[in-house]
Amino acid sequence: MKSGILPHFSPLTKRRISNFKSNRRAFVALWALAIIFILSLCAELIANNKPLVVMHKGNLYFPVFASYPETTFGGEFETETDYRDPVVESLISDNGWAVWPLIHFSYNTINTRISVPYPAPPSGENLLGTDDRGRDVLAQIIYGIRTSLLFGMLLTLISPVLGIMIGAIMGYFGGFVDIFFQRILEIYESVPQLFLLIIITSMITPSFWLLFFIIAVFEWTMFVGLVRAEFLRARNFEYVKAARALGVGHISTMFRHILPNALTSTLTFIPFILSGSILTLAILDLLGFGLPASEPSLGRILSQGRTNLAAPWLSLTGFFTIAILLALMIFIGEGIRDAFDTKKTFK
590 MKSGILPHFS PLTKRRISNF KSNRRAFVAL WALAIIFILS LCAELIANNK
640 PLVVMHKGNL YFPVFASYPE TTFGGEFETE TDYRDPVVES LISDNGWAVW
690 PLIHFSYNTI NTRISVPYPA PPSGENLLGT DDRGRDVLAQ IIYGIRTSLL
740 FGMLLTLISP VLGIMIGAIM GYFGGFVDIF FQRILEIYES VPQLFLLIII
790 TSMITPSFWL LFFIIAVFEW TMFVGLVRAE FLRARNFEYV KAARALGVGH
840 ISTMFRHILP NALTSTLTFI PFILSGSILT LAILDLLGFG LPASEPSLGR
890 ILSQGRTNLA APWLSLTGFF TIAILLALMI FIGEGIRDAF DTKKTFK
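Number 936 marks the last residue of the sequence shown (our numbering); no jumps.
In case anyone wonders, no lab produced these hints; they're calculated from the structure.
In this text, a Cβ means the ideal position worked out from N, Cα and C, and glycines have one as well.
It is possible that part of the hints are untrue.
Now the in silico label distances, taken between C-beta atoms and shown as ranges [stated by the list, open to error]:
1) S779 x P901: 38 to 44 Å
2) N850 x E778: 24 to 30 Å
3) S883 x I913: 24 to 30 Å
4) L898 x V676: 17 to 23 Å
5) M742 x L785: 22 to 28 Å
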């Protein structure tokens, strides 16, 4: 690798990045997932039941970013404009123009103009068909991917913190401290997480943040074993003994000297935690104990397919969307694992 590339990274980090790039499948998967995530963040600009820009009588309006009453465009009602109403469309076209997103539906927009019963099969207007309520499936996929990825990423960022701290304490001190926390973990992990989630969400109206909190309470235990093993191995290394001999405190030794080395195995595990979080949310939505019905969800599309066997596009769309997302994350995880492999890094 040329010295001019990534000058702000250490030689070891540059070698790891080079190893990751050499795994073409992982590198392409990372770019593909990044593009999918960025597009999902712009869901309102891609799939919406409101125009992006409206020119009416010489004035510009941006319905995606602001609400306008129907009287703004010459209508009779003071309520928010329904831009798919034929009367409103006529008022706008007679006095200006409108630029629509690629998909003229949001995730909760009901297509009332189709002549076939719901769920409607794929067509030029609804590329992936509609569900049994007449909502566009493609729009639900775009918004559902955003919800799933944000849920998984937030959980992956938050849940490791407690797991790393507990694992570090157990591995560094060992002895009674290690045994004490292991007994607590055994009790903690014996609680059936999925059943507990179902019980809680059946009593309390579930929401994005409630599900996030409940799953985060249990997710951190997956990192304890990894970090504990690394600290048990590293606490007897010469540099740790030297730090103790020089009077360096326990906290500084743990989190300044040992933790950076222990994070190697933890980072390789993160993409699999992300995929597991997305799958857990999809399962809860499939079973009816996940996000509210008003929220977009990939699992709810699978649920629609289960209850509408005569509409195979619902099941196929939900399955392939989740399968592609999980496959991309697994490929990325394999690439990160190879990048941190000492045999490849130091050969």
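- Cβ distance range 17 to 23 Å for L898 and V676, holds or violated: Between L898 and V676, where Cβ atoms are some 39 Å apart, the hint is violated.
- Satisfaction of the hinted span 38 to 44 Å by the C-beta atoms belonging to S779 and P901: With a Cβ separation near 40 Å, S779 and P901 satisfy 38 to 44 Å, so the hint holds.
- Could you check the hint for me, namely that S883 and I913 are 24 to 30 Å apart, CB to CB? Given range 24 to 30 Å: holds, Cβ gap about 26 Å.
- Query: Is 22 to 28 Å a correct range for the gap between the Cβ atoms of M742 and L785?
  - Reply: holds (23 Å)
- Hint check for E778 and N850 - Cβ pair distance inside 24 to 30 Å: holds (26 Å)
In this structure, only the earlier hint numbered 4 is contradicted, and the remaining ones agree with it.
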